[in-house]
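> These are the residues of each chain, in order.
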Amino acid sequence: MSRPPAERQVSRTIAADQRLSDELTRIGIDDSAASPTVLFLASGVAWLLIGSLMGLIASVKLDLPDWLGGAGPITFGRLRPVHLNAVTYGWISLAGSGMIVWLMGRLCRTHIRWTALLFLSAILWNIGLFLGSALVILGYSGGMEWLEFPLPAAAVIALAFILFALSMFRTFAARQVEHVYVSLWYILASLTWFPLLYVIANAGLYQGVGEAAMNWWYGHNAITVWFTPIGLAGAYYFIPKVIGRPIYSYYLGLLGFWSFALFYNWNGLHHLVGGPLPTWAISVSIVASLMMFVPVLAVAVNHHMTALGHLSMIRYSPTLRFVVFGAMSYTATSFQGSLEATRSVQEVAHFTHYTVGHAHLGMYAFVTMVLFGAVYYIMPRIAKWEWPYPNLIKVHFWLSAAGIAIYFLSLTLGGWLQGLAMNTPSIPFIDTVNLTKPYLWGRAVGGTLMTIGHCVFAYHFLLVIHRAGPKRFAPVWFRKAEEVAAP
Amino acid sequence: MMFIRSFVFFLGVLAAFALGWIGIVGVPDMMLARIEAPPELKRYTAEQLYGRSIYVREGCLYCHSQQVRPEGFGADQARFWGRPSVPADYLYDKPHLLGTMRTGPDLFNIGARQTSEEWHLLHLYNPRLVTKGSIMPPHPWLFEEKPTAGPGEEALVLPDSLAPARKVVVPTAEAKALVAYLLSLNHTYPVSQGAASDDTAKTRR
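Line order of the protein sequences matches chains A and B.
Residue 1041 in my numbering sits at position 300 of the first sequence, and the numbers go up by one each step.
Residue 36 in my numbering sits at position 2 of the second sequence, and the numbers go up by one each step.
If we strip away everything but chain A, and leave its shape as in the complex, we get (with noise of 0.2 Å):
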């Protein structure tokens, strides 16, 4: 059967010339993100920086309250939900809204349409979480948790995210491609839900228990419809892309968005466990947050198998070191989450800081990770500058990986024995205050390692946007590349 060599020779340069054909589309797609993408990433990282700054002040101020109490706008009440907006709605959806653009390019394979509304969008955002945040500092809080922005910054948010969706929709309208990856349903989902929700949950519907209600409907529900497919559809992408094999089933894709889609828009209640509302609604959300392991499994699954006989490469890989990372803690925050929603679980953890240890852990450990193993990947490819100092990249990985794991660690022992401690009515209540305090200190603890983490991220961004330091030739592995196994 084989071919004369003349032959051979032909279709060796036919597919050569395929390949660069490729090649060069990608590097055009890539281009016409560029752009955009450096704007929503770089407004990101900013907000990254002012929100772990918040965060850890607001930490400390647990351990010493007397430290910088003589003033209202710098006090607990009002940096915390600074620190809150300022991680979630301005470093994970400005970061995610880059990832999202240049993800768009490549899976659509067209060049990104309407960039003009994408600019307009990223400034407008920016004002938005600035007045927000602004506002909070002040005394205008909306007084509601996740929706303490005042209506104008809600409203400069939501244009701004409208703008986002309508040139994305666009882009999409204009694809290239028959097949429409996992990564594109979750990003189309959610460019589809998030406005809704904003919207409705800042339209002001509701009073009494009912507001109650759709407050934490909304507070679950940003991170179902928003953060979480920010995440997942990071790491559908990078983890097969950077090992170089498909993903392991289509079909378990399918079936994980589906289940995803119909479990976890219901779980918003289990954060009212034991308070006044009807049981059955609160039951409801129990439910569907134990159903949750079906689309979690999925998920996992489909990973896994992708992965499987090559998650050696995580020590090659920066990209695929965070995006591991962040999708095993998605496993395990999902599986912590069922569980935590359940009553009993709930009897103990509810009202303590085992809650907040849990949130991190889902958006640091989850989607955080994912998104820097997103830039990491991204940004030499548009920015046309490899990252300078591999070290540098290691150094941010150990620093927040650490820090993530002294944070949750220490908040899920010491919350979980408050809560011990607040179902024992012998146990006077200033003692339960007291006996979590040794652990907030492991809370700061391990924020200055991810704030200082985050500093050193920031400025090795900053480089490559610059294209400062030594220049590199090729994509940073920890280790030579012909020591990397070919995949």
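Derived by calculation from the structure, the hints in this document are not laboratory data.
Each hint should be verified, as a subset may be incorrect.
To be verified - A few chain A residues facing chain B, derived, Cβ under 8 Å:
#1 Gly818
#2 Ala954
#3 Val966
#4 Val1025
#5 Ile1027
#6 Asn1175
For glycine and all other residues, C-beta sits at the position ideal for the given N, C-alpha and C.
For chain A, the structure is supplied; the task is to place chain B on it using the hints.
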């Protein structure tokens, strides 16, 4: 074909979202719309509402809940924090302040548990004056330092270590309003524990 597939996708996505919204927000809210306020539940006075806005402004809700759990679920009953709260207790609340943390104690009945205005003012000025070991932030900006208390003003009685030299500390209108709000948090009147909030304890075990 492509179009139909996209259409079905977005339809499914929207349906999943809308069902959740209706299911855990819309229906409970509709059921709760029929409840009536207990006769003893008073509307907030203007001063209490002002105080409530300061409670929101300073972020008290990040450490204090305002909901009491039923017997058999936690120790709220054994700690005498009041009867379990019911939806009717919150009819006049916007924004709701149910809270999710108890870094400090629940405040649903703080107005019944701690009735002293003086205690609350000292506690707001610096919590460690009245509660050793507290990690609550001090709120000195709700107070004024003056050479002497004006007519109708009452200076805080502070230990020498915390008292400013040759000055007295008097509460501002904000501090007084906040305390008025805290003292209004008294839900010790009886309610029927039926209808909307069936007893969690019963279904749990």
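> Each hint needs a verdict: does it hold in this structure or not?
Taking the hints in turn, this is what the structure says about them:
1. About 2 Å separates the beta-carbon of A/Gly818 from the nearest beta-carbon of chain B, less than 8 Å, and the hint is met.
2. With a least beta-carbon distance of about 5 Å to chain B, the hint placing A/Ala954 at the interface is held under the 8 Å criterion.
3. About 7 Å separates the beta-carbon of A/Val966 from the nearest beta-carbon of chain B, less than 8 Å, and the hint is met.
4. Because the closest C-beta pair between A/Val1025 and chain B is about 6 Å apart, less than 8 Å, the hint holds.
5. Checking A/Ile1027 against chain B: minimum C-beta separation of about 11 Å lies over 8 Å; hint violated.
6. Against a cut-off of 8 Å between C-beta atoms, the interface hint on A/Asn1175 holds, since the closest Cβ of chain B lies about 5 Å away.
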